[in-house]
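Asks: Residues per chain, in single letters:
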Amino acid sequence: MPTAMTKEKFAEILNELAIRRFGEERAQSLHQAIQDIAQSLASIAEHRVELEEEPAFFF
Amino acid sequence: MAEPCTLGLSEMITQIKRRKLSPVALIESILQRIDSLDPSLKAWVTINRKGVLEEARRQQDEITRKNLRGPLHGVPIGIKDIYYTAGMKTTGGSKIFEDFLPNYDATAVERLKKAGAIILGKTATTEFALSDPAPTRNPWNLEHTPGGSSSGSAAAVAACMCPAALGSQTGGSTLRPAAYCGIIGLKPTYGRISRHGIFPLSWSLDHVGILTRSVEDAAILLKVLAGSDPQDPTASQKPVANYTQSIKSSKPPRIGIVRAFYREKSEEQVWRHTKETLNKLERAGARAEEVKMPESFAVVQDAHRIIMRAEAAAFHEKLFEQNRDKYRPKIREAVEIGLLIPSVDYLRAQKIRRQFRREMDEIIQGFDCLLTPATATPAPQGLSSTGDPMFQVPWSFSGLPTIGLPSGLSKEGLPLGIQLVGGAFAEEKLFAVARWCENVLQVSLSPHLG
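In order, the protein sequence lines correspond to chains A and B.
Sequential numbering from 586 applies to the first sequence in the numbering used here.
Sequential numbering from 6 applies to the second sequence in the numbering used here.
Worth flagging that the hints you see were computed from the coordinates, not collected in a lab.
If you're wondering where the values come from, they're calculated on a predicted model, not measured in any experiment.
Possibly wrong hints are sitting among the right ones.
What the hints assert, rightly or not - DSBU-like, lysine-lysine: derived pairs with alpha carbons at most 35 Å apart:
hint: 1; chain 1: A; residue 1: 594; chain 2: B; residue 2: 335
hint: 2; chain 1: B; residue 1: 335; chain 2: B; residue 2: 94
hint: 3; chain 1: B; residue 1: 331; chain 2: A; residue 2: 594
hint: 4; chain 1: B; residue 1: 270; chain 2: A; residue 2: 594
hint: 5; chain 1: A; residue 1: 594; chain 2: B; residue 2: 323
hint: 6; chain 1: B; residue 1: 323; chain 2: A; residue 2: 592
hint: 7; chain 1: B; residue 1: 297; chain 2: A; residue 2: 592
hint: 8; chain 1: A; residue 1: 592; chain 2: B; residue 2: 335
hint: 9; chain 1: B; residue 1: 118; chain 2: B; residue 2: 228
hint: 10; chain 1: A; residue 1: 592; chain 2: B; residue 2: 331
hint: 11; chain 1: B; residue 1: 270; chain 2: A; residue 2: 592
hint: 12; chain 1: B; residue 1: 297; chain 2: A; residue 2: 594
hint: 13; chain 1: B; residue 1: 25; chain 2: B; residue 2: 256
To be verified - Take a look, some chain A residues computed to stay more than 10 Å from chain B by CB distance:
hint: 14; residue: 591
hint: 15; residue: 597
hint: 16; residue: 609
hint: 17; residue: 610
To be verified - Below, a sample of chain A positions facing chain B; criterion: calculated Cβ distance under 10 Å:
hint: 18; residue: 602
hint: 19; residue: 606
hint: 20; residue: 614
hint: 21; residue: 622
hint: 22; residue: 629
hint: 23; residue: 630
hint: 24; residue: 632
hint: 25; residue: 640
hint: 26; residue: 641
hint: 27; residue: 643
All C-beta atoms in this analysis are idealised placements derived from N, C-alpha and C, irrespective of residue type, glycine included.
In isolation and in its complexed conformation, chain B is listed as follows (with noise of 0.2 Å):
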């Protein structure tokens, strides 16, 4: 039998329903994978030994008195520090908050929780989830940035320290991190899930991320995750599809490339096995045709760019003022340029993101998803950066709905993939399209570790 750290979400929670494996053994061999590989990677800042070897014990007797908790008993899932955690210490990746400790829980982590899962512990963050990079490294490639701001949550996935861990994304803070480490990454529609809990970087451009290694597995934690939220005004009230059924549909889909600036800005190499991955796409069934994207499309890596500086300018401009020194390089320019953005400069740009939304939402209805590279590179040598998140800035900032596959592997032997985007609020067919590709493709990438 292989290691129980190796099984994905899904496999763990089968073999613990079936008894074959107990939550105590889980745990066990996912510490010692962590004990192993996380010296080099720093993917976790903080590991809850201690508490998530009683919380399994305890998980494990309640097995033996046949009451689950619900779908992810017994579960070890990461979370990445930005995340409110009860009694666990949440830094957001920041030294003003090295020794906070929340007295509740994100609403995201709650839900974990009353699913069955047992939160692992904290993973490395960028600071305050913008760009000055986590001390984690790419198991691929340990002098290669594993992408960020959810650095440390794709670094653990792909390493096997946890089968799914949460980061968010603002700009391409989970699809990229999750392509430059060969695993999914899910980014939901703005509003699918509440962000209550979770330290803001920019309140309209903030999404939850999930990380995993199957499609399937994202399907099932969104299920767990999604649905309105009285704390979150933006936490949407339409109803939570049944996702993991969603995902049988085997129908070949009709994809719509988008070549405008993906192509001009992919790496050669990229823009090639783009090519190749829709061929074999193509060759299985699918239909695709280029998209024609809208005016607005030109102004977005802009429009986004004032938001974000301005909303996070307004978030930190209090605790900029009284901590400034402790604030790292990037993310205290992001600041004080936000704070010099005027009005109506910025309401302008959030004028141009309705636009943008609007004039997608009837693109998209032509096609079963989009499909992009997700990243121009595969991950890029060097820890003083954690990469471009331009290819995820337009979904992120007209909030559909995107998942990124892993496709293959670049000329250097690191991952590269693709990225689907859906119509808002359809997960269902998103996942259902995710999922054939997934079938067709048969890429499933593991990093050669110690």
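In isolation and in its complexed conformation, chain A is listed as follows (with noise of 0.2 Å):
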């Protein structure tokens, strides 16, 4: 069973993914938002959801 991503591994993805997009100098000026988004992420991995639970958008 795989394990849920850890804030590493999400800070680690979400910072290339920065840089690609807004270039090495903005991706550095947005890592602490970037460790917090991370963080997050990290957080509702873990969090257990029921398979059968749909997304809510609008209720």
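Make the complex out of the two chains shown on their own, each in a separate frame, by following the hints.
Replies: Shown next, in the form of structure tokens:
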């Protein structure tokens, strides 16, 4: 069974994407924001949600 | 007689109907108040001075002919500058739209006008309703933020520059500024009021917000604004209740206290004040018990952050490519981060949103409302931040209705408040509870202004 992605892994992927999309300098200035969103992505990746649960969009 | 501008919305309505107050006298009093206070408070970005006086004269003539347009005839209302207003500038707090003149009204604005309200002007907002601050200052202390993003709306209502104003809430943008400024903030259930014609921040989290100085005034406005709208597929078809009748119920409520997260994040004086407030409510007959929050509550702030940034990026992507340098730092960062979020993770956050809502729907059935402090601290000092929305985020995320009430003053002399959470589309009950609390607490805050 695959394990949930870690904050570090998310941060690494997002940082690479930020460099490609916005350039190295801007990616550097987004460092803290990338760390924060990586933490959020890792937190929700660890949270158990039923397979059958559908996304909400609009209630 | 009190200065007309200091009356609440319901008193203005009554006095206009009884012909004890003319819309012209009311507007003149309001404009005088704005002239005197707004140079320091900076709550307004546009005042339709000539237009509102002409409209007040027209409405005065209509009263003479016994021809009232609706329940808000002659009453001035402020509108957050993210709502489209036909022929009146709508900037969204952004340089990109500094000269934008919409050719139609947002549905909410249209409904206010149809009910007879006079649209006084546009109130200051943070850029695109995120967190780059507006220049607005807190009427209780000019060195403190009024909160945001509905900064101008909250300051204007607190300072009696209008009896009520529209705001919006995606994270904490209505109840937080309401609490910081010592007034009532209402965020109805997601889908209760149409959002057609409003700059979106995040489609699945955006709500229309209402700011007033009493619970009754909020109920009057919700009655006018609620209902389905063919222009907004998220606006619910559920019937609109008679909210002004429901506030007359005076049964002591069953209150669920949300201690998890709120206790830990609150400044000590805030939590102590919340407990004292709860004690007053219990002495008056309310029954209170602690609520056990579901596991999903632990990831609500994270899932909200992901959804808001991803959706903001989706809305702003093209605009941002063409106007990058006109975006202020916080909205720019949010859009850029949103552009990086993987779609699968966005969808996971939306699954959590549905899970949390379902779990909260069950929990809330055991209570008339949940209660939390409205904010973790009183209004922070300085204007570089509008404070933290974390105490509102779970309810913007779940779409459940909330109302914020002032409950006292901090040691620094700044307003403190409580936040009540109701069941989905159960605003009738929420108003009844809020009115009961308002009557028990008897806290009506008014800042000392020049």
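Asks: Would you settle whether the hint for residue 643 (chain A) is holds or violated, based on the nearest Cβ-Cβ distance to chain B being less than 10 Å?
Replies: holds, 5 Å
Asks: Can you confirm whether the C-alpha distance between residue 323 (chain B) and residue 592 (chain A) stays at or below 35 Å?
Replies: holds, 29 Å
Asks: Given the hinted pair residue 592 (chain A) and residue 331 (chain B), is their Cα-Cα distance within 35 Å?
Replies: holds, 32 Å
Asks: Below or equal to 35 Å on CA atoms is what counts here, so check residue 297 (chain B) against residue 594 (chain A).
Replies: holds, 33 Å
Asks: Just want to verify: residue 597 (chain A) was marked as not at the interface with chain B; is every Cβ pair farther apart than 10 Å?
Replies: For residue 597 (chain A), whose nearest Cβ neighbour in chain B is about 12 Å away, the distance exceeds 10 Å, so it holds.
Asks: A closest beta-carbon separation below 10 Å is what the hint needs, so does residue 606 (chain A) meet it against chain B?
Replies: holds, 7 Å
Asks: Identify whether the interface hint at residue 630 (chain A) stands, where standing means a beta carbon of chain B within less than 10 Å of its own.
Replies: holds, 7 Å
Asks: For the pair supplied as a hint, residue 270 (chain B) and residue 594 (chain A), is the alpha-carbon distance within the 35 Å limit?
Replies: Distance ~29 Å between residue 270 (chain B) and residue 594 (chain A) Cα, so the pair holds.
Asks: For the hint on residue 629 (chain A), just tell me whether its beta-carbon gets within less than 10 Å of chain B.
Replies: Because about 5 Å separates residue 629 (chain A) from the closest Cβ in chain B, which is inside the 10 Å limit, the hint holds.
Asks: Quick one, are residue 297 (chain B) and residue 592 (chain A) close enough, alpha carbons at most 35 Å?
Replies: holds, 28 Å
Asks: For the hint on residue 641 (chain A), just tell me whether its beta-carbon gets within less than 10 Å of chain B.
Replies: With Cβ-Cβ at 4 Å, under 10 Å, it holds.
Asks: Let's test the interface hint: is any C-beta of chain B closer than 10 Å to that of residue 602 (chain A)?
Replies: For residue 602 (chain A), the interface hint holds, since the closest Cβ of chain B sits about 5 Å away, which is under 10 Å.
Figure legend: structure checked against the earlier numbered hints; every hint is met.
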